[in-house]
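Here the structure of chain Z is known, so what remains is to put chain V in place on it, guided by the hints.
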Amino acid sequence: MPPRPKPERPRAARPVTITAVVDPVAVLASGDLDQNLYLYDTNRTAGSAGFGTPALKTRVRRGDTLLWNVIPLECETFVALDGIDIAGDVAEPERKVYPGTDIVFWTATVKRDLAEPVEYRLSFLVGTVDKPLVSVAAQALVGAAPEGRTR
Amino acid sequence: MAQQHGIIVLVDVANALRERTLDGNAYWFDNMRFLGSTGEGGANLVTIVPGTYYLDGSQATEQVLNWLPAALGAIPPTVPRNYHVEQARRADQEALANLAALGTAGTAPAGTAPAGATADVAGIQRLVGRRAARPKSSRSLASGRVLDVTGRVAGADAAAAYNPPAPVITDITGTAVDEKIIYPAQYGSPDMVYDGWYWAATVDTSRPGTYPYTMHFQLHELVERNDELVWEPVDLTAASSIHVIKDPKRNAFTGAGLGALPIPAAPPTP
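Quick mapping for you: the protein sequence lines, in order, are chains Z and V.
Numbered according to the working numbering, the first sequence terminates at residue 151, and the numbering increases by one at each position without gaps.
Numbered according to the working numbering, the second sequence terminates at residue 270, and the numbering increases by one at each position without gaps.
Don't read these hints as lab results, they were simulated from the structure.
Fair warning: this is a prediction, and the values are worked out from it, not measured in the lab.
In this text, a Cβ means the ideal position worked out from N, Cα and C, and glycines have one as well.
Hints are all accurate, no fakes.
Here chain V is said to cover these stretches of chain Z; the calculated rule only asks that three of the stretch's residues, wherever they fall, bring their Cβ under 8 Å from a Cβ of chain V:
1. 65-77
2. 93-107
One-sided and incomplete, this derived list gives chain Z residues near chain V with beta-carbon spacing under 10 Å:
3. 14
4. 15
5. 16
6. 17
7. 21
8. 25
9. 35
10. 36
11. 40
12. 41
13. 44
Chain Z with its partners taken away, still in its complex shape (with noise of 0.2 Å):
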């Protein structure tokens, strides 16, 4: 009997989920956002590179969801995603909020496969400062590996 052809795998129905990890007593101590800020995503195996540092590289395709949430090292101190800069014709991110609370997370989708890397940057409001803090650091969106080396 022929080898059946193995099915399609499923896109997942989950987002690729974008962390930032901020010491915001550090932040606000000072002044410094990049020597505090940690960004991870959930798609380290795809290619994802960067972790760990304010320029996280993630890696994605068309039609990804995108979500982006924040994690303070103080659960105390008030950190929120204030605003994400990045080309519209690559995403449009929209604010929401976990239904019920006031936390915010971003999300969007990633309108087209990228030649490039395209650079995007995060700000942050932290603790009772009213102007934002933007990473000097670029975050960026990753374009798919050739064939072959994903996964």
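Relative to chain Z, chain V alone:
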């Protein structure tokens, strides 16, 4: 006593479950980098524990460590854990209201469904979502209702879209414990951010050195078995260490010793 150390372990739960290891899937942090902790945000955190003696040479009090696990790619821990229950209840109420509306809207002859009712019922089923059973061996306090990562009740594709529950610490072992450098235990807490439970340890700071320890985690995988969703516990371990040094404790504001707040004549240079 000095400020308590908070050690956060961020676990990429989906990848850890797929690879059945925490190697490369656990990221460690503490809030003591300014005192000399190294490896923040990576797999090899060494937590600094200063303060064997006070500046006057007397034995310092012990240091306290707290461990807080979090799941990457999940609803963040700033959303209180009882949120899961609240969301499930809210969805139930909405579904009941819709069900009641469905009943009063029925004007079709007996025995036939009113137009649109089938679609409405499907919508209500989506709203109700799915429940997952919890085996006896599971330590998770996650609710039975399955939510997705945006905090909504997960529908028919729950097993693919579910919000991974935060890892649960089940034990702390290793050299640091065997040599009686740390005395870990699980405590109850009124703080619902971490389910009302947390692991903490006191450190014997009189013996400087680097002491590794092993953290035992239980992750939970949602699997479909006999047409039923079940939270399957998966036990994994990850390692970290503490570095006890001889440096005396200092007041972080003044740079001087502890005790009565010794306010210097001039502000200390940073």
